[in-house]
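A.B. asks: Assemble chain B onto chain A, guided by the hints.
Line order of the protein sequences matches chains A and B. Per this note's numbering: the first sequence = residues 1 to 279. Per this note's numbering: the second sequence = residues 280 to 448.
In short, the hints are calculated from the structure, not lab data. Source: prediction; values computed, not measured. Possibly wrong hints are sitting among the right ones.
[As the list claims (entries may be wrong)] A short, non-exhaustive set of chain B residues, derived as facing chain A with CB atoms under 7 Å:
#, residue
1, Phe339
2, Phe349
3, Arg410
[Said to hold, decoys possible] Ranges of calculated distance between the beta carbons of each label pair, as one might list FRET restraints:
#, chain 1, residue 1, chain 2, residue 2, range
4, B, Ala303, A, Ala27, 37 to 43 Å
5, B, Leu296, A, Ala12, 35 to 41 Å
6, A, Asp184, B, Ala284, 52 to 58 Å
7, B, Gly306, A, Ser219, 24 to 30 Å
8, B, Ala303, A, Glu208, 30 to 36 Å
A virtual CB, placed ideally from N, CA and C, is assigned to each residue, including glycine.
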Amino acid sequence: MRIGRSQRFDQARPFVVLGIAIAVWLAAPIAFKSLARASFFEMTAPMTFAASHAEDLQRFWSLRLHSKDELIEAGRDQARLNAKYATAVQQNDELHREVERLQGLLKMPADERFRFEHAQVAERDFSGWWQRMTIRKGADYGIPVGAPVVYSGGVVGRVAEVHAFTSVVQLTSDPGLRIAAVVDGDTRPISYQGAENQVFGAPKGTIEFVPLDVYASASAPKRLATSGLGGVYPPGLTIGEINHVESSADGLFKTGEVVLDPRLAELTEVTVLVSLEAQ
Amino acid sequence: MRGAAVLFVTLYLLRALVAELNTALSGFHLWVFAGGLFVTYAALAMPFRSGFAASVLGGFLCDAMTPVAFGTHALLFGIAHVVVFNVRERLQREETGVRVIVALLVNLGLYLIISFTRIRHGYGNPATWPRMAADLTWSEAVIAVVAPWFFALQLRMLEMARANPQRSA
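Chain A extracted, bound-state conformation (with noise of 0.2 Å):
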């Protein structure tokens, strides 16, 4: 009788040590939790930073196979870009002088200012339930957490968590992030959320309350961009493009589809825009 007792407990011994694991943790505070979290997740930044150094070598030595007449033919090309680049940036300070005189006159309120920071991307996390990527530059540069996050296509997303020398970014394609847009042409604003992410599809999103005298169509796409509503993003930049709209079942507004970039999904390096006020 007692040698079945034993065999008995020592089968449930397992789910016995598992409701205790489960019970400690549910009674452990939220700031032990906090910590644990952080700590994990600074463990694994040296294996992320060596993964991307490895890749940034891997790249520079494919450069190095490169010929000399392909440099001086990429040097020649650069040059080039370097020159109309100068003329566009004499020109927007030019713009800049000229919008800052108008907003003195009228007594603006001054745009909000940025600071740019670059950074490169170590990994990318495109899973049907989330999207993100992991920069390689936290709180070290002082990345704040909300911090928009662009390229040269437009919107990125947005910092979703700082850590010591990493960020995380949520991507405009992950179905937890929400924005507020305007059609390019419009001041009326209207809601982007990211959505599904078919294999080898492009990225996408949909937009709700879209007035009814909006119309697009794969044919004739219109453009969305950040409305500047709700102070992360500056308003302008590029989300993707409206393909498709229809009424909503309400008949109040329309809903619609949002092709986004296909870069999105293999971005190397990215900016944030880091709000000089907010520092």
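C.D. replies: Here is chain B on its own, set in the frame of chain A:
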């Protein structure tokens, strides 16, 4: 607990490799979930205490890198570990094929539970199921290929650290 520490090192390496694979596959919108590999060897081959500790620590490692409540993976890995540990005497657990099948089944169960958890919290809708089915199929295929190598790596690491319970017994 030397065995738990050694297994944790292998799980740390596995997480890094899976992260690299997912980075490479991001352009195709494919994603690999390898939760089954975090649990199987520890549950089938290790004594309960050290195996359970390794599985739960591996879960915390996954939790830290994902936007889920901290402890979700650890809890699920812990439950999976206890279930597999309890049935392991009925399995030919020394056979690599059996271990691979257990890893595939555990991975399937964990993936489905996490999917339902995400949907319950408002993420995803019926349109996301084809993507999740594709990710799951792809994950199972990767695990079927990688599992024998990973189990061999875990065994070698345990032997190098003189923490293999079979050898010491």
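A.B. asks: Give a verdict on every hint.
C.D. replies: Hint check:
1. A least Cβ separation of about 5 Å between phenylalanine 339 of chain B and chain A falls short of the 7 Å threshold, and the interface hint therefore holds.
2. A distance limit of 7 Å between C-beta atoms decides the matter here; for phenylalanine 349 of chain B the minimum to chain A is near 4 Å, and the interface restraint holds.
3. Restraint check, arginine 410 of chain B versus chain A: the minimum CB separation of about 4 Å is within 7 Å; hint holds.
4. Between alanine 303 of chain B and alanine 27 of chain A the C-beta distance comes to about 41 Å, which sits within the given range of 37 to 43 Å.
5. Roughly 36 Å separates the CB atoms of leucine 296 of chain B and alanine 12 of chain A, a value that falls within the hinted 35 to 41 Å.
6. Checked against the given bound of 52 to 58 Å, the beta carbons of aspartate 184 of chain A and alanine 284 of chain B, roughly 57 Å apart, stay inside it.
7. In this structure the supplied range 24 to 30 Å holds for glycine 306 of chain B paired with serine 219 of chain A, their Cβ-Cβ distance being about 27 Å.
8. For the pair alanine 303 of chain B and glutamate 208 of chain A, the supplied restraint of 30 to 36 Å holds, since their beta-carbon distance comes to about 34 Å.
Violation of the numbered hints given earlier is absent; every hint is satisfied by the structure.
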